[in-house]
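Asker: Taking the hints into account, I'd like the entire structure generated from these sequences.
Each residue of the sequence shown is one higher than the one before, counting from 1 in our numbering.
No lab work stands behind these hints, which were simulated from the structure alone. C-beta: ideal position from N, C-alpha, C; glycine also. Any given hint could be a false lead.
[Unchecked claim] Simulated restraints, written as ranges between beta carbons of each label pair:
#1 Arg25 x Ala294: 23 to 33 Å
#2 Gln116 x Glu141: 18 to 28 Å
#3 Pro27 x Glu346: 52 to 62 Å
#4 Gln362 x Asn171: 56 to 66 Å
#5 Ala134 x Val69: 19 to 29 Å
#6 Asp255 x Lys122: 32 to 42 Å
[What the hints assert, rightly or not] Here are the simulated lysine-lysine pairs, BS3-like style, with alpha carbons at most 30 Å apart:
#7 Lys300 x Lys202
#8 Lys274 x Lys169
#9 Lys252 x Lys13
#10 Lys300 x Lys274
#11 Lys225 x Lys195
#12 Lys406 x Lys209
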Amino acid sequence: MKQTQSPTIENIKAAQERISAVVQRTPLQENLQYSAIYDANIYLKREDLQQVRSYKIRGAYNKISQHDVKHVVCASAGNHAQGVAYTCHKLGIKGTIFMPITTPNQKIEQVKMFGQKQIEVKLIGDTFDETGIAAKRFCKENSYLYIPPFDDLEIIEGQATIALEILEKYNQPIDYLFVPIGGGGLASGISTVFKHLSPETKIIGVEPKNAASMQAAFDAGHAVKLDKIDGFVDGAAVQQVGELTYLQCKDKIDDLITVDDGLICQTILNLYNKDAIVVEPAGALALSGLEQYADKIKGKTVVCILSGSNNDITRIEEIREKALLYGGLKHYFMVRFPQRAGALKEFVADVLGEHDDITYFQYHKKHNRAHGPAIVGIELKNAKDFEPLVRRMKELDFYSNYLNDKPELFSMMM
Numbered sequence: 001m002k003q004t005q006s007p008t009i010e011n012i013k014a015a016q017e018r019i020s021a022v023v024q025r026t027p028l029q030e031n032l033q034y035s036a037i038y039d040a041n042i043y044l045k046r047e048d049l050q051q052v053r054s055y056k057i058r059g060a061y062n063k064i065s066q067h068d069v070k071h072v073v074c075a076s077a078g079n080h081a082q083g084v085a086y087t088c089h090k091l092g093i094k095g096t097i098f099m100p101i102t103t104p105n106q107k108i109e110q111v112k113m114f115g116q117k118q119i120e121v122k123l124i125g126d127t128f129d130e131t132g133i134a135a136k137r138f139c140k141e142n143s144y145l146y147i148p149p150f151d152d153l154e155i156i157e158g159q160a161t162i163a164l165e166i167l168e169k170y171n172q173p174i175d176y177l178f179v180p181i182g183g184g185g186l187a188s189g190i191s192t193v194f195k196h197l198s199p200e201t202k203i204i205g206v207e208p209k210n211a212a213s214m215q216a217a218f219d220a221g222h223a224v225k226l227d228k229i230d231g232f233v234d235g236a237a238v239q240q241v242g243e244l245t246y247l248q249c250k251d252k253i254d255d256l257i258t259v260d261d262g263l264i265c266q267t268i269l270n271l272y273n274k275d276a277i278v279v280e281p282a283g284a285l286a287l288s289g290l291e292q293y294a295d296k297i298k299g300k301t302v303v304c305i306l307s308g309s310n311n312d313i314t315r316i317e318e319i320r321e322k323a324l325l326y327g328g329l330k331h332y333f334m335v336r337f338p339q340r341a342g343a344l345k346e347f348v349a350d351v352l353g354e355h356d357d358i359t360y361f362q363y364h365k366k367h368n369r370a371h372g373p374a375i376v377g378i379e380l381k382n383a384k385d386f387e388p389l390v391r392r393m394k395e396l397d398f399y400s401n402y403l404n405d406k407p408e409l410f411s412m413m414m
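Answerer: What follows is the structure in structure tokens.
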């Protein structure tokens, strides 16, 4: 199938029909929690409820089903892999899935489950980009069809069907649409539909702060490769967006913002604790972006894409820790304990507040007669309790150093 230069509404509608037997029309749900927080009408497009727990099945099935092939190859941190694997199972073709070595085990097992006997998983590379190079080499050597995760018109048109569903479900004006951005395929497709069918809607792209490759492309005027990224938001952590996706987004995205990992983790916990919704870090990206738009969206109608729910339960402690640090509720100190009996008791009784809790304690050997250092982690019930805690620590001569704002020391401790 010959591809045009840009996704079209006609092709996107054709994709919607093509994938209808496999892809679910996910709900567009009003969220009372976030509507109350921001005094707005917040709706969530629940792509976390897809069979493969993310929107990636849309693009994968739309592309593969249009080609008469017996074997396909892809590289993915997880969600695209699951979409390709499930498509292989449904169409009865073989697939080789390349995944980074750092991929959470839960995602690897999900890929194998969805692909069943039709796919083989190969773990190669520390980042998506390294994995992609290996996958393309393997594909070329064997003359197989490569299925890109985002930089492809047929993939983009498949993802764009989300926008058609939103506009079919909600026939009133939508003021803002918040879209997560990794490689840019989802944002390219959704923004195409909205600019044609709902041009008054403001499209806000949301990236992880530590993997903002689309922002780098916007700044440079072309797709560029970041020297280093943090892979915590693994479903959206790419070193370089696609040339095609950049070109599509640069004229259609009204604003591009980045969010901190800690805020993403707060969103994950909020959704789980208050709405019983499970999302992965990339799935929480769009909703996390609302904080920066709190004043602008008041009284407005806002749609956020919950893009995926493939979260590994073993990451929950890390997610909770990041959320507490971001919220100012978890603090680490180097504490000087006097070398005398009762010093720890005094610290607990006179330094800690009523609701403060020691969650980490590592005592070091004496290095002089007067004091012995310890690393102490303290969890607060309220962020405003931090300053009084530090003041008491200094007044009673326990304070030595604050570690949260010292990345090198902090990372070594963690």
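Asker: Work down the list of hints and note, for each, if the structure agrees.
Answerer: These are the hints, each one checked on the structure:
1. Arg25 x Ala294: 23 to 33 Å: 31 Å, holds
2. Gln116 x Glu141: 18 to 28 Å: For Glu141 against Gln116, whose Cβ atoms are near 25 Å apart, the range 18 to 28 Å holds.
3. Pro27 x Glu346: 52 to 62 Å: Distance hint for Pro27, Glu346 holds at roughly 56 Å.
4. Gln362 x Asn171: 56 to 66 Å: 59 Å, holds
5. Ala134 x Val69: 19 to 29 Å: 20 Å, holds
6. Asp255 x Lys122: 32 to 42 Å: 38 Å, holds
7. Lys300 x Lys202: Holds. Lys300 to Lys202 sits at ~11 Å (cutoff 30 Å).
8. Lys274 x Lys169: Distance ~25 Å between Lys274 and Lys169 Cα, so the pair holds.
9. Lys252 x Lys13: 19 Å, holds
10. Lys300 x Lys274: 22 Å, holds
11. Lys225 x Lys195: 28 Å, holds
12. Lys406 x Lys209: 19 Å, holds
When held up to the earlier numbered hints, the structure conflicts with none and fits them all.
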